[in-house]
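Novice: So the chains spell out like this:
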Amino acid sequence: MVVDASPVKETIEPGQFFNIKCGESYFPLLRRPFSIYKINDTTLEFMYLVKGAGTKYLTRLETGDKVNLFGPLGKPFSLEQSYQTILLVARGVGIATLAALAQKAAQDGIRAVAILSARTTNDLLAAQELQEFGAEVYKVTEEEGTSDVANVRKMVNQIMIEHPIDAVFTCGSKRLSILLQDMIKENHIPGQIALEEHMGCAMGVCYACVCDVKEEDAVHSVKVCKDGPVFPLEKVVLK
Amino acid sequence: MSINPNLAVNIGGLQLQNPVMPASGAFGEDMEEVIDFNRLGAVVPKSITKQPRGGNQTPRVCETYGGMINSIGIQSKGINYYLKHILPYYQKYQSPLISSISAESIDEFAEMSETIAEVPHVRAIELNISCPNLKGNGLAFGMDEALTYELIRKVRGVTDKPIIAKLTPNVTSIQDIARACEEAGADGLNVANTMLAMAIDVESRKPKVGNIMGGLSGPAVKPIIVRLIYQVYQATKLPIIGCGGVMTGMDAIEMMLAGATAVQVGTANFVTPTAMIDILEEIKAYMKRHGLVCIDDIVGGVAEPVTK
Ligand SMILES: Cc1cc2nc3c(=O)[nH]c(=O)nc-3n(C[C@H](O)[C@H](O)[C@H](O)COP(=O)(O)OP(=O)(O)OC[C@H]3O[C@@H](n4cnc5c(N)ncnc54)[C@H](O)[C@@H]3O)c2cc1C
Ligand SMILES: Cc1cc2nc3c(=O)[nH]c(=O)nc-3n(C[C@H](O)[C@H](O)[C@H](O)COP(=O)(O)O)c2cc1C
Numbered sequence: 001m002v003v004d005a006s007p008v009k010e011t012i013e014p015g016q017f018f019n020i021k022c023g024e025s026y027f028p029l030l031r032r033p034f035s036i037y038k039i040n041d042t043t044l045e046f047m048y049l050v051k052g053a054g055t056k057y058l059t060r061l062e063t064g065d066k067v068n069l070f071g072p073l074g075k076p077f078s079l080e081q082s083y084q085t086i087l088l089v090a091r092g093v094g095i096a097t098l099a100a101l102a103q104k105a106a107q108d109g110i111r112a113v114a115i116l117s118a119r120t121t122n123d124l125l126a127a128q129e130l131q132e133f134g135a136e137v138y139k140v141t142e143e144e145g146t147s148d149v150a151n152v153r154k155m156v157n158q159i160m161i162e163h164p165i166d167a168v169f170t171c172g173s174k175r176l177s178i179l180l181q182d183m184i185k186e187n188h189i190p191g192q193i194a195l196e197e198h199m200g201c202a203m204g205v206c207y208a209c210v211c212d213v214k215e216e217d218a219v220h221s222v223k224v225c226k227d228g229p230v231f232p233l234e235k236v237v238l239k
Numbered sequence: 001m002s003i004n005p006n007l008a009v010n011i012g013g014l015q016l017q018n019p020v021m022p023a024s025g026a027f028g029e030d031m032e033e034v035i036d037f038n039r040l041g042a043v044v045p046k047s048i049t050k051q052p053r054g055g056n057q058t059p060r061v062c063e064t065y066g067g068m069i070n071s072i073g074i075q076s077k078g079i080n081y082y083l084k085h086i087l088p089y090y091q092k093y094q095s096p097l098i099s100s101i102s103a104e105s106i107d108e109f110a111e112m113s114e115t116i117a118e119v120p121h122v123r124a125i126e127l128n129i130s131c132p133n134l135k136g137n138g139l140a141f142g143m144d145e146a147l148t149y150e151l152i153r154k155v156r157g158v159t160d161k162p163i164i165a166k167l168t169p170n171v172t173s174i175q176d177i178a179r180a181c182e183e184a185g186a187d188g189l190n191v192a193n194t195m196l197a198m199a200i201d202v203e204s205r206k207p208k209v210g211n212i213m214g215g216l217s218g219p220a221v222k223p224i225i226v227r228l229i230y231q232v233y234q235a236t237k238l239p240i241i242g243c244g245g246v247m248t249g250m251d252a253i254e255m256m257l258a259g260a261t262a263v264q265v266g267t268a269n270f271v272t273p274t275a276m277i278d279i280l281e282e283i284k285a286y287m288k289r290h291g292l293v294c295i296d297d298i299v300g301g302v303a304e305p306v307t308k
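Each protein sequence line maps, in turn, to chains A and B.
Letter 142 of the first sequence, counting from 1, is numbered 142 in the UniProt record's numbering, and no numbers are missing.
Letter 157 of the second sequence, counting from 1, is numbered 157 in the UniProt record's numbering, and no numbers are missing.
It should be emphasised that the hints constitute simulated quantities derived from the structure, not laboratory data.
Please note: incorrect hints may appear among the correct ones.
Claimed, not checked - Residues from chain B shown here face chain A by an in silico Cβ test under 8 angstroms; the list is partial: (1) F27; (2) V61; (3) Y65; (4) G66; (5) N70.
Said to hold, decoys possible - Keeping only pairs whose Cα atoms sit at most 25 angstroms apart, straight-line, the calculated SDA-like set for lysine to any residue is: (6) K208(B) x V50(A); (7) K21(A) x K50(B); (8) K239(A) x G12(B); (9) K239(A) x Q57(B); (10) K222(B) x A53(A); (11) K56(A) x G55(B); (12) K174(A) x G55(B).
None of these values were measured; they are calculated from a predicted model.
Glycine included, C-beta positions come from ideal geometry on N, C-alpha and C.
Model the full assembly from the supplied sequences, consistent with the hints where possible.
Specialist: Below is the structure:
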């Protein structure tokens, strides 16, 4: 979905999201959160997977229709100037969240290597867009029997031999995130994760979308909508 | 020529510039970026508990037809943090601060009320005796007439500030509970908290909220709330704050016609972050359109059927 971004005065950064009203009636009632997929000069793009009533409504919108967006919300990814190569690992529609980061990395002269995971090759999203941003893309799927954690671990190891990776970014899979938590610890590199959780207000007041993070030895609760959705990968408690 | 309607209301001694305020748990400091708190009738932060509480398992919300179920479980940083950080934050606003309290025992309600009522800019206390997310099966103090009486009586003993009891709709006769509150010395009633509810994902067979059951809110509950307000209005003289499914100014007017003096807005804030201001403007427009000069011209004004 491409929207005219001229009414948005705030700067918009990869990792942030908008809470989108998906209908005019009381069903669907709540807004749906969607990451910023692409940031263009005058437009913004979202990429969504059709799931239930909210996303079905979005598919019925036509060119010229108005959408009611609330945002930009949340804390973005941070790209350090010193990074030369970053690794992106996305599962399914999680790539919608990482694509804007690949776009920004390209603008900042940072090389991105991406592993995209999906059930079937047909479900692999945005591979071409990522390549257009200059990213080196690897694809794994259940269909081809390549998406299991052991194989992804091998791939990440191989990638790390070929290019020193300065930071890892991930979205969309708990299994892969746990794997990456392991690997960034072994390799002493930082990581960031974009989390998804069912939201109420998306403004940080209702405590619906919480998750646990570990700070030193204490675990405490943070709000995905306000303190995240991007968090340091090593700190998030993935249950 | 139309006169400008006066929107001021009084809830048991607490004077409000208008009848629109947030519902506890659906409002907080982070909303200052989207609405001007000084335009609200009052500000009501999330219920506070004595000890810090982690809250329930996620997912904590799910959507239902025209509503939502929440099972937050009153995640709270505890009363010390509240006194040090949350209450002081609201000092800069002119809208009166109503502090919502949740406790595990009658004594704890009294102890917390006493401490919080001592804070000068806390103008009233709302007792959340109705949260369905704390005990198994949604049990709450507000389901028992005798316990409710004893609880309000105890809190009445520790403060002269207005006490608002937030009732639960999950009772057989809300009138009995409302009368118990009145007799025990409450100054106002909030009608009501959420309705104990449940939803199941039929594909995975899993309950849609982590805590299995939760509280239903949003437009779907409004007809039940309107009925409850009507019943409570008949049963007591206490001013009523209507709460549950107010999405528009007309919803607020409907509750006032049933007997509410003011309304609280929860779920609507999630759908339209500026909802409370829109609701306020719509109430004003309705009053102008009907030549009404004050809110009292509406309260309890539902037309009774003509008796034969
Ligand atoms: C920060 C964030 C960014 C997201 N970015 C994207 C994106 O770029 N593209 C994309 O396709 N999806 C994204 N999602 C997931 C997306 O919000 C859900 O797929 C969407 O809400 C489903 O709505 P629905 O009505 O179609 O489905 P339903 O399943 O009918 O939704 C029912 C309810 O559950 C909530 N819900 C369902 N799945 C999720 C989920 N995974 N996360 C949070 N709430 C959910 C809905 O918001 C709604 O309230 C993101 C989620 C978060 C939290
Ligand atoms: C996410 C959420 C959190 C809530 N937390 C509290 C709370 O802490 N204390 C309380 O008294 N009510 C709480 N409630 C109930 C609301 O205050 C209100 O009674 C209810 O949502 C009905 O109003 P609405 O339909 O306008 O949302 C909560 C409601 C929601 C949706």
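Novice: Now look at each hint and say whether the structure bears it out.
Specialist: Quick rundown of the hints versus the structure:
1. Taken as an interface hint, F27(B) checks out: its beta carbon lies about 6 angstroms from the nearest beta carbon of chain A, inside 8 angstroms.
2. With a least beta-carbon distance of about 4 angstroms to chain A, the hint placing V61(B) at the interface is held under the 8 angstroms criterion.
3. The closest approach between the C-beta of Y65(B) and any C-beta of chain A is roughly 6 angstroms, which is under the 8 angstroms cut-off, so the hint is satisfied.
4. With its C-beta approaching chain A no nearer than about 4 angstroms, G66(B) sits inside the 8 angstroms limit, and its interface hint holds.
5. Annotation: N70(B) was flagged as interfacial toward chain A, and the flag holds, the nearest CB pair being 7 angstroms apart, inside 8 angstroms.
6. The straight-line distance between the Cα atoms of K208(B) and V50(A) is roughly 19 angstroms, inside the 25 angstroms bound, and the hint therefore holds.
7. Our distance criterion of 25 angstroms between C-alpha atoms is broken by K21(A) and K50(B), whose separation comes to about 37 angstroms.
8. Proposed proximity of K239(A) and G12(B) is contradicted: the alpha carbons are some 47 angstroms apart, above 25 angstroms.
9. Proposed proximity of K239(A) and Q57(B) is supported: the alpha carbons are some 11 angstroms apart, at most 25 angstroms.
10. Taking the CA atoms of K222(B) and A53(A), the gap is about 23 angstroms. The hint holds against a cut of 25 angstroms.
11. With a C-alpha separation of about 32 angstroms, the suggested pairing of K56(A) with G55(B) is violated against the 25 angstroms cut-off.
12. At most 25 angstroms may separate the alpha-carbon atoms for a hinted pair to count; K174(A) and G55(B) meet this at roughly 22 angstroms.
In this structure, the earlier hints numbered 7, 8 and 11 are contradicted, and the remaining ones agree with it.
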